[in-house]
Amino acid sequence: MSYSLSVLPEAPAGLPVYPNLTVVYNMSWYIFLTLLSLTLCLGSCLFHIGKLVSMGKPADHSDPIGNEKEGILYSFTGGMSPSKKESAFLHLPTYIAGLLYHIGTFLSFGLLLLILAGISLPAIVKLILGGFLILTASCGLGIFVKRFIKPHLRQLSNPDDYISNLLVTAFQVVTAIQLHIPIIAYFMISSALLLYLPLGKLKHMVYFFAARYQLGFFYGRRGVWPPKN
Amino acid sequence: MAILSEKNITKGLSILQNYTDNKLLTHLNSCVHCGLCAESCMYYLTYKEARFVPAQKVDFIMSVYKRYFTFLGKHVPFLSKARDLNDESSSEMVDLFFGACTLCGRCTMHCSIGVDIAFLVRTGRVMLAEMGMIPASIQSTVDASIQTGNNMGITKEEFVDTIQWLEDDLKDELEDPEARIPLNEKGKKILYTLNPREPKFFPLSISAMAKIFHFAKESWTLSTEMYDVTNYGFFTGNIGEATTITKRLHEEVKNLEAKELILAECGHGSRAFRWEGPNYLNQSFEYTARTSVELIADYLKEGRIRVDKNRLKQRVTLHDPCNLVRNGGIINEQRYILHQIANDFVEMTPYGVDNFCCGGGGGQLAMSEYNERRMGIGGRKADQIKDTKANIVVTPCHNCVDQLIQINAHYKLNVQIKTLAEVVADALI
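Order-wise, the sequence lines are chains A and B.
Everything in the first sequence is counted per this note's numbering, starting at 1 for the first residue and increasing by one.
Everything in the second sequence is counted per this note's numbering, starting at 1 for the first residue and increasing by one.
Please keep in mind that the hints were generated in silico from the structure rather than gathered at the bench.
Ideal placement from N, C-alpha and C gives every residue a C-beta, glycine not left out.
Hints should not be assumed to be uniformly reliable.
Derived CB-CB ranges, DEER-like [said to hold, decoys possible]: (1) B:Phe-201 to A:Phe-148: 48 to 54 Å; (2) B:Ser-284 to A:Gly-56: 43 to 49 Å; (3) B:Thr-10 to A:Phe-209: 31 to 37 Å; (4) A:Lys-51 to B:Glu-92: 26 to 32 Å; (5) A:Phe-209 to B:Glu-173: 55 to 61 Å; (6) A:Asp-63 to B:Asp-161: 33 to 39 Å; (7) A:Glu-70 to B:Thr-20: 47 to 53 Å.
Next up, chain A with everything else stripped away, as it sits in the complex (with noise of 0.2 Å):
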């Protein structure tokens, strides 16, 4: 079974037909709050990037005795690594769950970008990423649990962590449906995650890579990362 815009209702009848209009005449209201969603969701992020790039990173006059390229980029590897992380390592079910998760997320984001573009995938690719969307959401799920269960994690957390978490596990659960059943609470679960990322702690994806910048530079700068013992 192949997915696209096809799907969605026809032009109105009796308008004018220009080639180029049609994509617009075909599209439905859900499809356009995604898209402006979407492009308001980029536009965001791009403001974040833009003004962490435009501050700069700190001056720095120290004497460097070690070297701040290589330990930014052992920040985003093996610095990563669960070998490396008390919190993965101490943590593994939550550090595996997080991954998957997270990986979840991204191919969802693509799909999403795919099924606003019309393009379809062959059935047992959709079957394969269907299924593993649903595992996905369930790492969410586990997570959002855990969160609710433990003492200190709720203790820690504010309704932005619940509403980002739950956001998130119902966009990978939709994305799943979506890709056998259109349906339109689709369009409706991407608008609201697009538009409530960069606004919440799910601009983390942004500021992630800063975070991890800083640290590598940071610590390769003084010697420390890459490890030496």
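Start from chain A and add chain B according to the hints.
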């Protein structure tokens, strides 16, 4: 009754607003509240209180930031639990930032995202400093530095007397009338610094380093005007005072026309000058500033000093000072030295950049109000030491020495605590 004035609140908030680069902005927006940093923090591991989870600590500064500087925090504060900066939140910040964090940075290194948690806590201290909320106990240490030139308030006469007495002892020990502890001599290669605890409580560590310099035939001097390597302004968050202390030492290097500044065995002092100092002064140094640990390792590598490995018969372990190792990159030098002088050297578990803080970092030793908590977290270090079955614990940091001495007594470890210079001096041939 409100204690904080609007003016002080504005001053505190200005720290979150007037940043000049993207570091603070990055880390204020990065934490995802995963809470996986909990097990990297000695305070949480010891007391199991949710408020001691590193993410919970920095949430105080992040939630204030959100309240005043983000769309959601300004308009829908409950969504991110955005907090007002007021008497209640600032008092909690004092307890968490000063009383429940040694700034060891262990949580930073293991954060799943890469949030520089120690940097955020230090920024929180800077905010509190701006608001006039530095605990009086630690501020008195800075005041002593500013007023007398050293954090112990040692007078010049007392210092000179101590050094002269140590010099006489050194001549006797080495049976060499030429052995010296030079004072205020211009144009020497090295200006050496001290932790004021040395002339006050541990003079033999000065003798030990003087002996090493003597054997290495080094050109060196001490200064009577500015010898204090410590900088508690780095801990309090008062950037102005930290800069003043840094500037004094910097000026003394230039005044004595030394080619190199050697920073004594003091973790935070060497970090404050070596790494933060150039940024406090907004300039690079025209001379080399490095630690005595690196210097001694070089002496051994270059053959300028020789040691007898068989003299030290007991088992030795090493405590890694956080500021020197995790935040300063001095990781292998102290190990190289210990392998040269000890047949039975064992590492703690974990060690190196993963080592646990002794509990004396972040200015904890200067804040008596947190003594009980400090000794509590020291239990983890006590367990690490016990597990090695070592008789001697070596650490290249005088603050760590102090904390380890107290841990030794409190947990009945029955070990000796020594500086690196002390064990090297004993092995010199």
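Verification of the supplied hints:
1. B:Phe-201 to A:Phe-148: 48 to 54 Å: holds (52 Å)
2. B:Ser-284 to A:Gly-56: 43 to 49 Å: With a Cβ separation near 18 Å, Ser-284 (chain B) and Gly-56 (chain A) fall outside 43 to 49 Å, so the hint is violated.
3. B:Thr-10 to A:Phe-209: 31 to 37 Å: With a Cβ separation near 33 Å, Thr-10 (chain B) and Phe-209 (chain A) satisfy 31 to 37 Å, so the hint holds.
4. A:Lys-51 to B:Glu-92: 26 to 32 Å: holds (30 Å)
5. A:Phe-209 to B:Glu-173: 55 to 61 Å: holds (58 Å)
6. A:Asp-63 to B:Asp-161: 33 to 39 Å: Cβ of Asp-63 (chain A) to Cβ of Asp-161 (chain B): about 36 Å, so the range 33 to 39 Å holds.
7. A:Glu-70 to B:Thr-20: 47 to 53 Å: With Cβ atoms ~26 Å apart, the hint is violated.
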